[in-house]
Amino acid sequence: MVRTVQQINQKIKKGDVLVMTAEEIIDVVRREGVEKATKEVDVVTTGTFGAMCSSGAFLNFGHSEPPIKMQKVWLNDVPAYTGLAAVDAYIGATELRENGNMDYGGANVIEELIAGKPIHLKATAYGTDCYPRRKIETYVSLKTINQAYIYNPRNAYQNYSVATNSSDTILFTYMGKLLSNYGNATYSSAGQLSPLLNDPECRTIGIGTRIFLGGAKGYVAWQGTQFNTKTPMKNNVPTRASRTLAVIGDMKQMSAEYIRALDFRKYGMSLAVGIGVPIPILDEQMMKCVAISDKDIFAPVLDYSIQSRNRKPIKEVSYAQLRSGTIELFGKKVKTSSLSSYYLARQIAEKLKGMIQKGEFLLTEPVERLPEDMAVEPLEIVSKEEVK
Amino acid sequence: MARRKYLLGFSPARVGEPITYMIVKEFDLMVNILRAEIDERGGRLLLEIEGKPHKITSGVKYLKEKGVEVKELNEYVSKEEERCTHCGMCVSICPADAFEMDKKTYKVHFKSDKCIACGLCLDACPPNAMKLRIW
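Chains as they are written, first to last, in the working numbering: chain A, 1 to 388; chain B, 1 to 135.
Keep in mind the hints are simulated off the structure, nothing from the lab.
For each residue, glycine too, the CB sits at the ideal point set by N, CA and C.
Keep in mind that the hints are not guaranteed to be accurate.
[Stated by the list, open to error] Restraint ranges, calculated between C-beta atoms of paired labels, are given here: (1) Gly62(A) to Ala96(B): 36 to 46 Å; (2) Ala96(B) to Gly116(A): 32 to 42 Å; (3) Asn128(B) to Pro232(A): 30 to 40 Å; (4) Gly62(A) to Asn128(B): 39 to 49 Å; (5) Glu100(B) to Lys315(A): 52 to 62 Å; (6) Arg133(B) to Glu316(A): 52 to 62 Å; (7) Asn99(A) to Glu48(B): 34 to 44 Å; (8) Lys143(A) to Lys131(B): 27 to 37 Å; (9) Gly100(A) to Glu50(B): 57 to 67 Å.
[What the hints assert, rightly or not] Think about it this way: if two alpha-carbon atoms lie no more than 25 Å apart in a straight line, the pair counts; the simulated SDA-like pairs of lysine to any residue are: (10) Lys64(B) to Tyr21(B); (11) Lys64(B) to Lys104(B); (12) Lys335(A) to Leu7(B); (13) Lys52(B) to Asp39(B); (14) Lys266(A) to Lys103(B); (15) Lys103(B) to Val2(A); (16) Lys103(B) to Gly325(A); (17) Lys104(B) to Ile26(A); (18) Lys107(B) to Tyr160(A); (19) Lys358(A) to Val2(A); (20) Lys111(B) to Glu35(A).
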């Protein structure tokens with residue numbers, strides 16, 4: 001049984017495509033077997049809604065009268081990067097407001113823009129013959145901005161570690177609040193619903209793949225930063241943080257329901273991004289991939305009180321264990337928390353399923369495949385002579 | 001038997017009175033101190049009181065006669081539903097298991113009657129959905 005993306009798209013256009021979510025398909029395969037399920041189901045949708053720090057947006061404000069070549073720019077007092085052409089800027093999700101507080105940043109600006117709220121814009125410049133203005137203060141909104149598109153260099157991590165804390169003080173991390181003496185453990189992946197865990201070798205997800213991004217259609221732009229294919233595997237999926245996606249999408253089509261500012265106290269701001277990827281069931285092999293369930297996906301438990309990139313996992317636990325509410329560490333029951341919303345991950349997979357069923361969303365073949373062999377290098381402190 | 005939560009406020013002049021001892025001894029009430037604070041504005045005491053309903057009423061009357069401000073409390077913190085993304089970060093933070101992850105819907109429910117007012121969830125919630133109502 002083999003089918004192509006073109007055949008699936010024809011079925012979508014005719015309105016007789018069969019789509020299921022990555023959660024629903026598990027029982028179908030268990031009940032009917034891979035062969036029968038492959039014959040019946042054309043597409044499986046995935047979803048995730050979690051903190052993705054490596055996120056941000058490109059904005060073009062339009063030209064003022066007289067014009068300005070913005071050298072420094074602030075949106076609601078949050079600095080944006082404008083080392084680009086005159087009125088282009090990039091607002092990063094984790095950039096903080098310049099008042100010493102850590103509770104407002106680029107993520108909030110992005111969420112508020114999408115929600116249609118007015119944003120205070122301040123820019124300064126040195127003035128040139130072609131751009132004489134040296135300062136501007138005004139208000140902009142998603143309606144007044146020419147282009148506003150999310151470009152997130154690293155999203156949708158294929159698996160991620162579980163965080164805990166062996167020390168005797170509470171830690172505030174990007175993995176949330178970690179209580180002392182293994183008081184809790186937090187995890188991030190949507191497990192069986194997570195896009196890249198359902199297509200572990202990225203057979204169907206590649207450059208140009210159309211995806212659900214923040215409530216609208218978006219695209220995979222490139223491999224994400226820290227893309228890593230050299231991680232240990234169990235049950236045909238990586239047991240460590242592995243592949244990632246760089247994604248792009250039009251903010252003007254998005255909804256603040258699926259793009260949300262997150263405040264990790266004493267760490268900083270991050271952005272919750274809602275992503276859904278449809279997986280075409282090309283053959284039985286693909287069906288086997290999407291049928292994976294939480295009990296077969298494992299993640300390493302790391303002690304975040306060890307402030308080193310070389311911390312070794314305490315143990316590996318499955319997502320079924322994590323989602324049960326407790327895991328066992330050193331003979332003690334430790335309560336678990338998810339940092340990503342399974343509720344919204346499921347909603348995204350359902351929504352994407354609906355869009356495909358209604359013929360509003362066609363599937364794509366990758367323009368190029370993502371790297372099949374790529375490692376992550378550490379940053380070493382070396383001299384000019386020592387650097388490779 | 002009834003169980004209720006009260007927030008008591010008293011002026012600096014009354015800080016010295018053994019009011020919790022009195023309500024235990026005179027009104028046969030079980031008192032659990034959830035939170036206590038004394039500063040230049042006076043004292044604030046968050047109590048969970050368990051006992052016969054009429055005894056609780058009498059105890060509260062006694063406190064009021066002593067010049068203590070008494071406010072019955074149903075919610076110490078509240079969950080702003082529009083901000084909550086149902087991630088579940090709060091679930092492992094709460095020592096009283098006041099947050100429940102519904103395993104069918106995967107929505108987080110806040111059971112305010114279980115809340116012991118420790119405040120641990122307030123700075124743990126990434127979308128800032130937990131809000132302080134008193135203090």
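Each hint tested on the structure:
1. Roughly 53 Å separates the CB atoms of Gly62(A) and Ala96(B), a value that falls outside the hinted 36 to 46 Å.
2. Distance hint for Ala96(B) and Gly116(A): a CB-CB separation of about 39 Å, consistent with the stated range 32 to 42 Å.
3. The beta-carbon spacing between Asn128(B) and Pro232(A), approximately 37 Å, falls within the hinted interval of 30 to 40 Å.
4. For Gly62(A) paired with Asn128(B), a C-beta distance near 32 Å fails the hint of 39 to 49 Å.
5. In this structure the hint that Glu100(B) and Lys315(A) lie 52 to 62 Å apart at CB is violated, the actual value being about 27 Å.
6. At roughly 41 Å, the beta-carbon separation of Arg133(B) and Glu316(A) lies outside the given 52 to 62 Å, and the hint is violated.
7. For the pair Asn99(A) and Glu48(B), the supplied restraint of 34 to 44 Å holds, since their beta-carbon distance comes to about 39 Å.
8. Checked against the given bound of 27 to 37 Å, the beta carbons of Lys143(A) and Lys131(B), roughly 31 Å apart, stay inside it.
9. Our hint of 57 to 67 Å for Gly100(A) and Glu50(B) is violated, since their Cβ atoms are close to 45 Å apart.
10. As the CA atoms of Lys64(B) and Tyr21(B) are separated by approximately 15 Å, the hinted pair is consistent with the 25 Å bound.
11. In summary, the hint linking Lys64(B) to Lys104(B) is not supported, as the alpha carbons are separated by about 46 Å, beyond the 25 Å threshold.
12. Our distance criterion of 25 Å between C-alpha atoms is broken by Lys335(A) and Leu7(B), whose separation comes to about 30 Å.
13. Taking the CA atoms of Lys52(B) and Asp39(B), the gap is about 32 Å. The hint is violated against a cut of 25 Å.
14. A C-alpha spacing of about 31 Å is found between Lys266(A) and Lys103(B), which places the hinted pair above 25 Å, so the restraint is violated.
15. Using a Cα cut-off of 25 Å, the hinted pair Lys103(B) and Val2(A) is violated, with the two alpha carbons roughly 36 Å apart.
16. Straight-line distance between C-alpha atoms of Lys103(B) and Gly325(A) comes to about 10 Å, which keeps the hinted pair within the 25 Å bound.
17. Of the supplied pair hints, the one linking Lys104(B) and Ile26(A) holds, its CA atoms being roughly 16 Å apart against a limit of 25 Å.
18. Of the supplied pair hints, the one linking Lys107(B) and Tyr160(A) holds, its CA atoms being roughly 22 Å apart against a limit of 25 Å.
19. About 24 Å separates the Cα atoms of Lys358(A) and Val2(A), which keeps this hinted pair within 25 Å; it holds.
20. Taking the CA atoms of Lys111(B) and Glu35(A), the gap is near 46 Å; set against the 25 Å cutoff, the hint is violated.
Figure legend: structure checked against the earlier numbered hints; hints not met, in rising order: 1, 4, 5, 6, 9, 11, 12, 13, 14, 15 and 20.
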